[in-house]
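**Student:** Chains as they are written, first to last, in the numbering used here: chain V, 1 to 327; chain Z, 1 to 327.
None of these hints come from the bench; they were simulated from the model.
Given the structure is predicted, the values throughout are model-derived calculations rather than measurements.
There may be inaccurate statements among the hints.
It does not matter which identical chain is used: a pair holds within one copy or between any two.
Stated by the list, open to error - List of simulated lysine to aspartate or glutamate pairs, EDC-like, C-alpha gap at most 20 angstroms:
#1 K240 - D143
#2 K205 - E100
#3 K42 - E261
#4 K84 - E163
#5 K42 - E263
#6 K149 - E176
#7 K240 - E263
#8 K84 - D46
#9 K149 - D275
#10 K205 - D228
#11 K205 - D157
#12 K240 - E199
#13 K205 - E261
There are 2 protein chains.
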Amino acid sequence: MAIRIGIFGYGNLGRGVECAIRQNPDMELVAVFTRRDPQTVKTVGDVRVLPSDIAPEMKDRIDVMILCGGSAKDLPVQTPELAKHFHVVDSFDTHARIPEHFANVDASAREGGRVAVISVGWDPGMFSLNRLYANAILPEGTDYTFWGKGVSQGHSDAIRRIEGVLDAKQYTIPVEEALRAVRAGENPTLTAREKHLRECFVVAKEGADKARIEREICEMPHYFADYDTTVHFISLEELKREHGGIPHGGTVIRSGRTGAEGENRHVIEYSLKLDSNPEFTASVLVAYARAAYRMSLEGQCGCKTVLDIPPAYLSACDADELRRRLL
Amino acid sequence: MAIRIGIFGYGNLGRGVECAIRQNPDMELVAVFTRRDPQTVKTVGDVRVLPSDIAPEMKDRIDVMILCGGSAKDLPVQTPELAKHFHVVDSFDTHARIPEHFANVDASAREGGRVAVISVGWDPGMFSLNRLYANAILPEGTDYTFWGKGVSQGHSDAIRRIEGVLDAKQYTIPVEEALRAVRAGENPTLTAREKHLRECFVVAKEGADKARIEREICEMPHYFADYDTTVHFISLEELKREHGGIPHGGTVIRSGRTGAEGENRHVIEYSLKLDSNPEFTASVLVAYARAAYRMSLEGQCGCKTVLDIPPAYLSACDADELRRRLL
Chain V
1 MAIRIGIFGY GNLGRGVECA IRQNPDMELV AVFTRRDPQT VKTVGDVRVL
51 PSDIAPEMKD RIDVMILCGG SAKDLPVQTP ELAKHFHVVD SFDTHARIPE
101 HFANVDASAR EGGRVAVISV GWDPGMFSLN RLYANAILPE GTDYTFWGKG
151 VSQGHSDAIR RIEGVLDAKQ YTIPVEEALR AVRAGENPTL TAREKHLREC
201 FVVAKEGADK ARIEREICEM PHYFADYDTT VHFISLEELK REHGGIPHGG
251 TVIRSGRTGA EGENRHVIEY SLKLDSNPEF TASVLVAYAR AAYRMSLEGQ
301 CGCKTVLDIP PAYLSACDAD ELRRRLL
Chain Z
1 MAIRIGIFGY GNLGRGVECA IRQNPDMELV AVFTRRDPQT VKTVGDVRVL
51 PSDIAPEMKD RIDVMILCGG SAKDLPVQTP ELAKHFHVVD SFDTHARIPE
101 HFANVDASAR EGGRVAVISV GWDPGMFSLN RLYANAILPE GTDYTFWGKG
151 VSQGHSDAIR RIEGVLDAKQ YTIPVEEALR AVRAGENPTL TAREKHLREC
201 FVVAKEGADK ARIEREICEM PHYFADYDTT VHFISLEELK REHGGIPHGG
251 TVIRSGRTGA EGENRHVIEY SLKLDSNPEF TASVLVAYAR AAYRMSLEGQ
301 CGCKTVLDIP PAYLSACDAD ELRRRLL
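Bound-form chain V, shown alone (with noise of 0.2 angstroms):
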């Protein structure tokens, strides 16, 4: 029988999250949720759009929900609120406010006797999986994580809310010369300067001033005034036509020595680009769906992180043909 699985709030990520469920024949999507009126969202397949207050009284017919809202003021309250209903899986992605989402989930979950996952994505997600590994193996040793080529949501956002801005599109980009030292196991300690540049595509409102609003860009503090950030002015129409897409990506770097008088040198990379953040992330989510799902057929409860569960979980191959196959 297939999991069934629901999904709630349907932006780029739960678009995702459908779209991702479709390459994965052992799930079934039931339903997605939705604040908005259902009849305005428009899914990829035919799938029912129910309002999301009476998500509840699907208990019985969607085992794993997966939440697709945002960790600012979304995941906080509904991730607990849901894991008292079905096993949940979330990618609360505010690192700082972890270990209180961790609690709350945590205390909901138990109450329901339910499985939850949180933080699930790439980061938090793959790239903190990869910091566990290479910490565990290699105990005396740097890490770097390094982002992009890739655009980020909250620098753009910043952006557009100085005044005069119509539209803009921030990428992150990693220094170049910063990771070739890093990758030559060079352990060099490295500003927020020397680790990314930031590339701003600015859409100016009619007779706007273009030099105050480069400069707003450059010193506005946390955002962009400690790093070495360059804007360039575009047309709404070169915007829309060559920065719609939401790529990103990045890289974790661990180098560390081993030997009796620690002469051997290692480095341990992990890499990804990605066409689309959104889907990267719901991919990931989906997995971990399934991982939910089979740790609730063991009877376990409670809230979970991606650093607790044993990795074949999240394949629907068995024990066997994996480490047949992929051991």
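With chain V's structure known, arrange chain Z on it following the hints.
**Tutor:** Quick look at chain Z alone, frame taken from chain V:
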């Protein structure tokens, strides 16, 4: 209390395990076991060296035995035997015989109520894990594994068996153009020759026919005939000076597609650059020794592989700290 470790077999790998244990304060090396005369074994630190046949007598003083013998003859016998008395970890790497080894070790470990982890290292091991994760996330895609640049012990041995050869080192080198195409998501179909080069450094005996040696190398079935092979004749001094190390590494790449029509491409890459193949393998073995011990405390028993083990079990840090620091 520290996890009490034994090392069974003391070659390059056993020495690497000894060094790795020194980097992990939650572990204590109790003894090294050898089939040689213990008096002749020189360890890095101050540790008891005992004859291998008395190992079972130490079963109350050692938690995890790390097996450091070879996959051809040692491990198929030793791992099942020792799994009756200890939690064990081995680096069995004969891919085709893993199912058989798994079954033998599982039976013994269950008989003894012990946890066994087999096929730990980088391939099988970390590469297997990365194949599994990437396959689960991108069900529609293609896998590639490249090895090197690194020393292949098997290929070096094959050259040494040719008449007139005094010593030899063989490097396996991935073909740059193949790597480029795979990284670009071009999904090429690659023959053995298109994926790897083989470079050989050979010391010929005085008066040996070098042309014949070179021909025998290049035409050797399985080992060299299917590859572009380069042979350099050098002096014994140069071999020792320039080719004394045991570096290795490689790259696992999965390239796949997502989206309503498969319109978005993603490339997941994991790569290793290792100055010392045995020391890195040893570091992985030690992390999984910790995991085996943790699982035993939960009352688990039987044979496991890296695919079955929750990542957090590899780390000396507790779950709260891992969520705070690495997630």
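**Student:** Which holds for K240 with E263 at a C-alpha limit of 20 angstroms: within a copy, between copies, both or neither?
**Tutor:** between (52 angstroms within a copy, 18 angstroms between copies)
**Student:** Is it within a copy, between copies, both, or neither that the alpha carbon of K205 lies no farther than 20 angstroms from that of E100?
**Tutor:** neither (41 angstroms within a copy, 69 angstroms between copies)
**Student:** With identical chains treated as interchangeable, where does the CA-CA distance between K42 and E261 reach 20 angstroms or less: within a copy, between copies, both, or neither?
**Tutor:** Result: close only across copies, 16 angstroms inter versus 62 angstroms intra.
**Student:** Between the shortest in-copy and the shortest cross-copy C-alpha distance, which are at most 20 angstroms for K240 and E199: within, between, both, or neither?
**Tutor:** within (16 angstroms within a copy, 50 angstroms between copies)
**Student:** With identical chains, the pair K205 and E261 could be close in the same copy or across copies; at 20 angstroms between alpha carbons, which is it: within, between, both, or neither?
**Tutor:** For K205 and E261, neither the intra-copy (62 angstroms) nor the inter-copy (36 angstroms) Cα distance is at most 20 angstroms.
**Student:** Within, between, both or neither: how does the pair K205, D157 come out at a Cα-Cα threshold of 20 angstroms?
**Tutor:** within (16 angstroms within a copy, 71 angstroms between copies)
**Student:** For K84 vs D46, is the C-alpha pair at or below 20 angstroms within one copy, between two copies, both, or neither?
**Tutor:** neither (28 angstroms within a copy, 56 angstroms between copies)
**Student:** Could you figure out if K149 and D275 sit no more than 20 angstroms apart (CA to CA) within one copy, between two copies, both or neither?
**Tutor:** Result: close within a single copy only, 10 angstroms intra versus 29 angstroms inter.
**Student:** Checking K149 and E176: alpha-carbon separation at most 20 angstroms within a copy, between copies, both or neither?
**Tutor:** For K149 and E176, the Cα distance is within 20 angstroms only inside one copy (11 angstroms; across copies 22 angstroms).
**Student:** Indicate which option fits the pair K42, E263 if close means a Cα-Cα distance not exceeding 20 angstroms: within, between, both or neither.
**Tutor:** So K42 and E263 pass the 20 angstroms test across copies only (19 angstroms; inside, 59 angstroms).
**Student:** For the identical chains here, do K240 and D143 meet the 20 angstroms Cα criterion within one copy, between copies, both, or neither?
**Tutor:** neither (37 angstroms within a copy, 34 angstroms between copies)
**Student:** Within, between, both or neither: how does the pair K84, E163 come out at a Cα-Cα threshold of 20 angstroms?
**Tutor:** neither (44 angstroms within a copy, 73 angstroms between copies)
Figure legend: structure checked against the earlier numbered hints; hints not met, in rising order: 1, 2, 4, 8, 10, 13.
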